[in-house]
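For the protein sequence lines, the chains are A and B, in the order given.
Throughout, the working numbering is defined as the position within the first sequence, counted from one, plus 95.
Throughout, the working numbering is defined as the position within the second sequence, counted from one, plus 1235.
Treat the hints with care, as some may be off.
[Claimed, not checked] Derived CB-CB ranges, DEER-like:
hint, chain 1, residue 1, chain 2, residue 2, range
1, A, 147, B, 1248, 36 to 46 Å
2, A, 152, B, 1240, 27 to 37 Å
3, A, 113, B, 1248, 43 to 53 Å
4, A, 113, B, 1263, 31 to 41 Å
5, A, 152, B, 1248, 40 to 50 Å
[Said to hold, decoys possible] Listed next, the in silico BS3-like pairs over lysine-lysine satisfying Cα-Cα at most 30 Å (straight line):
hint, chain 1, residue 1, chain 2, residue 2
6, B, 1304, B, 1292
7, B, 1304, A, 195
8, A, 166, A, 137
9, A, 195, A, 163
10, A, 137, A, 151
11, B, 1292, A, 137
12, B, 1304, B, 1253
13, A, 195, B, 1300
14, A, 195, B, 1292
15, A, 163, A, 151
16, B, 1253, B, 1306
17, A, 137, A, 195
18, B, 1300, B, 1253
19, A, 166, A, 151
20, B, 1300, A, 137
21, B, 1292, B, 1252
22, B, 1292, B, 1253
23, B, 1252, B, 1306
24, A, 137, B, 1304
25, B, 1252, B, 1304
26, A, 195, B, 1306
27, A, 137, B, 1306
28, B, 1253, A, 137
29, B, 1292, B, 1306
30, A, 195, A, 166
31, A, 151, A, 195
32, A, 166, B, 1292
33, B, 1252, B, 1300
34, A, 137, B, 1252
What the hints contain is simulated information worked out from the structure, not anything from laboratory work.
Owing to the predicted nature of the structure, the values given are computational and were not obtained by experimental measurement.
Beta carbons: idealized from backbone N, C-alpha and C, even for Gly.
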Amino acid sequence: GESVGLHLPTLSVQEGDNSIINCAYSNSASDYFIWYKQESGKGPQFIIDIRSNMDKRQGQRVTVLLNKTVKHLSLQIAATQPGDSAVYFCAESFSGGYQKVTFGTGTKLQVIP
Amino acid sequence: EAQVTQNPRYLITVTGKKLTVTCSQNMNHEYMSWYRQDPGLGLRQIYYSMNVEVTDKGDVPEGYKVSRKEKRNFPLILESPSPNQTSLYFCASSLLGTPARGNTIYFGEGSWLTVV
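This is chain B alone, in the form it adopts within the complex (with noise of 0.2 Å):
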């Protein structure tokens, strides 16, 4: 089955303890992406990876790292979670980095952080 693997699910945190949300699809997709959505804002994007060892900035990268070692895993790191990173994160997947028809875009089920 086609999918979007985030872990953990729900995870709750203190300031200033490093965590890594993992994500892995089985997609074979060269393009992945982790998002965050909050109340009133929609999905922000964080960070991309057209492909292996190529990642970028997307609208709000601070506080947030990410690696592409591999084809199907796209970790994010939190070096020193604040309580503003409170929020649901998703990772993403498609095939090619352009959404044209076709190219779908796979979610995650989410990962709900709290940072207390």
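With the rest of the complex left out, here is chain A (with noise of 0.2 Å):
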């Protein structure tokens, strides 16, 4: 699973500081957004979603913000931990008819102890 991480732009936070991961998003009809989280080895797992007609929704330690305007979409983690360090990646999709998801490539987190 290693290989997937490697051309992927890098954020090195500290343990216990806050991680914000940006995301620009390309569909200006997309109505539905939600980010993964993807450990090493593993698949992707969802951690929060959001509707287009809400900017802010908050999860446990993690908040999502979405900015219409500009297409944009961030994941911020509080409080940082060693078990936060993986690969995030948003995605997006279009409510009407079938539903597709368009995942972008992801940055890769690492949590400096």
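Take the two lone chains and join them into the complex the hints point to.
Listed below in structure tokens is the structure:
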């Protein structure tokens, strides 16, 4: 699984600090967005989602912010822990008929103990 | 435990030798899909299935086949593998084909395929 992360932008964060991972999406008609976490050697896991009628949604230690004006999505992780080290990627979808999901390429988060 | 199971997890094969990657889900999901993940390209959809006996092409279907004879299984078939099909493959399922809130996409652990 490591080779998937070799070509990705990397964010290095000290343990305990907050992390902010950014994503630019492409389709202005997209109305549903998802963040996934992919640990080394594993499949992607759902973290949090947000609809286009919201600009912020909070989960446990994670917050997603949506700026439709500039087609930008961010994932904030509070008090980053070593277990948060993974590749994070966003996905966008458009409601209507079959809702195809388009995945971003991802950002690698490295937590420094 | 809810899961999507793929086999094999790792495979090295030779060009032209037919292979099948199996996928099974135990959540009674209607929707299943195959993706390939390549460095710098993100997840790209190969094929998807909205229900039994209903399959359709995704973004990169060339060189692949699928079948959906049972709800729980969705095998990916490479009739004549080529080196450009070397990749990490993920099977996924969700309750419905619509990724609305509450209709989470579950991914398998991945299958590393190398074609030499």
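Original post:
Taken at face value, is the distance from the CA of residue 1252 of chain B to the CA of residue 1292 of chain B at most 30 Å?
Top reply: Status holds; Cα separation ~23 Å.
Subject >> CB-CB spacing for residue 1263 of chain B and residue 113 of chain A relative to the 31 to 41 Å hint >> reply: holds, 39 Å
**OP:** With a cut-off of 30 Å on the C-alpha distance, tell me whether residue 137 of chain A and residue 151 of chain A pass.
**Re:** holds, 28 Å
Original post:
Regarding the pair residue 1253 of chain B and residue 137 of chain A, is the alpha-carbon distance no greater than 30 Å?
Top reply: holds, 25 Å
Subject >> Restraint status (C-alpha distance of residue 1300 of chain B to residue 137 of chain A at most 30 Å) >> reply: holds, 24 Å
Subject >> Agreement of residue 166 of chain A and residue 151 of chain A with the hint, judged by alpha carbon distance not exceeding 30 Å >> reply: Between residue 166 of chain A and residue 151 of chain A the Cα gap is close to 14 Å, so the pair holds against 30 Å.
**OP:** Given the hint that residue 195 of chain A pairs with residue 1292 of chain B, test it: the Cα-Cα distance must not exceed 30 Å.
**Re:** holds, 12 Å
Original post:
Holds or violated: are the alpha carbons of residue 195 of chain A and residue 1306 of chain B at most 30 Å from each other?
Top reply: holds, 20 Å
Original post:
Is the Cα-Cα distance between residue 1304 of chain B and residue 1253 of chain B 30 Å or less?
Top reply: holds, 20 Å
Subject >> Straight-line alpha-carbon gap residue 1304 of chain B to residue 195 of chain A, limit 30 Å >> reply: Status holds; Cα separation ~23 Å.
Original post:
Given the hint that residue 1252 of chain B pairs with residue 1304 of chain B, does the C-alpha gap stay at or below 30 Å?
Top reply: holds, 23 Å
Subject >> Distance restraint between residue 1292 of chain B and residue 137 of chain A, which requires alpha-carbon spacing of 30 Å or less >> reply: holds, 25 Å
Comparing the model with each earlier hint shows no violations; every hint is respected.
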